[in-house]
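Going from the first sequence to this note's numbering is simple: count from 1 and add 2.
What the hints contain is simulated information worked out from the structure, not anything from laboratory work.
Among the hints, erroneous ones may be present.
[To be verified] Quick list of in silico lysine-lysine cross-link-like pairs, DSS-like style, CA-CA up to 30 Å:
no., residue 1, residue 2
1, Lys237, Lys261
2, Lys26, Lys141
3, Lys141, Lys191
4, Lys237, Lys141
5, Lys237, Lys280
6, Lys191, Lys237
7, Lys237, Lys276
8, Lys191, Lys26
9, Lys280, Lys191
Only a predicted model underlies this, so the values are computations on that prediction, with no experimental measurement involved.
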Amino acid sequence: MTASSIASSSLNAATCVDVAEAAKRMIFRVRDYDLAATLTSGQAFRWQHRAGWWEGVIGARWLRLRSETDSFVAETAEPATDWRWLADYLQVDLNLGNVLATFPDDEPMRAAVDACRGLRLLRQDPWECLASFICSSTKRIVQIQEIVGLLCERLGEPVLVPHNHERAFSFPAPEHIAAASESELRACKTGFRAPNLRNAARMVADGEVNLARVTELPVLDARSELMRLPGVGRKIADCVLLFACGFQDAFPVDVWVMKALRRLYFSHRRASLKRLQKFAAGYFGPYAGYAQQYLFHYARVHAKLKK
DNA sequence: TACCAGGAGAGCG
DNA sequence: CGCTCTCATGGT
């Protein structure tokens, strides 16, 4: 073998490696995207900040994300030929300026937008979103993260991770949660939500509630369909509609948003939940869910500052 | 030790 | 319908 052929073959080998590595990496050009705020704003519960990256699992794929100026970098564990799954999850094609322009032009809304510029909504898997929010009641975000982490670790499937990296798991399918015993689910710290989670999983696994079809329904029908599931009331249904089913006018009202609405728009009067929901449905426009996310995040940041 | 949180769902007018 | 009360359980 000549020197040149050795050089040539090693060059080819190196090129192959580079091609394989390049296929695990993608740069998304996007402006006005605050990755940290978005991934920690209480809509998704599996993202962890490690060594300058945000690590998570989407479907059966491990990945990590890092922000740069007007873009972010994504890396996966196995080569990808098509990155639409990620572009869709992160909603990178959405023009945030157009969304913000639909918000009511009032002082509270301006303050909320100024405080959380770049905050976005994700487009998550409906089942993972639903199951996570069934576990969310009476829990803080850190506790929900712990529950979801345990469910994945014990009932999910291992996913491919980079060499020498800590193991990672997919979110367990409805059948897997339905097949788990109540005590197994309680061991994941789900507490009194365990029977609800298990029965909801069974209904989804049996096709009694078809989550793919929910996305196609008119919003009111979609909401009632979700509310047939045990442990799913108005608030959790609205979270799933907004964070996973693409209904960007869904407006989940939790205690934070309730406090914010009362303080900002009702001068502290004790407006009822129903009244606030009706107000929100008419006032915040076609992207009311986005407005809600800004108010929610603003209220939380505000509460932290006061502490 | 008590009390609180943050939702769902039952009961009631 | 809309409002009020109860439940369940880890954390302060």
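Each hint tested on the structure:
1. For the hint linking Lys237 to Lys261, the alpha-carbon distance of about 15 Å falls within 30 Å, and the restraint holds.
2. At most 30 Å may separate the alpha-carbon atoms for a hinted pair to count; Lys26 and Lys141 exceed this at roughly 36 Å.
3. A C-alpha spacing of about 11 Å is found between Lys141 and Lys191, which places the hinted pair at or below 30 Å, so the restraint holds.
4. Straight-line distance between C-alpha atoms of Lys237 and Lys141 comes to about 14 Å, which keeps the hinted pair within the 30 Å bound.
5. Between Lys237 and Lys280 the alpha-carbon distance is near 14 Å, which keeps this suggested pair within the 30 Å criterion.
6. Distance check on the hinted pair: Lys191 and Lys237 sit about 21 Å apart at the alpha-carbon level, within 30 Å; holds.
7. Restraint check for Lys237 and Lys276: satisfied, since their Cα atoms lie roughly 12 Å apart, inside the 30 Å limit.
8. This hinted pair does not check out: Lys191 and Lys26 have alpha carbons roughly 35 Å apart, beyond 30 Å.
9. Straight-line distance between C-alpha atoms of Lys280 and Lys191 comes to about 35 Å, which puts the hinted pair past the 30 Å bound.
Figure legend: structure checked against the earlier numbered hints; hints not met, in rising order: 2, 8 and 9.
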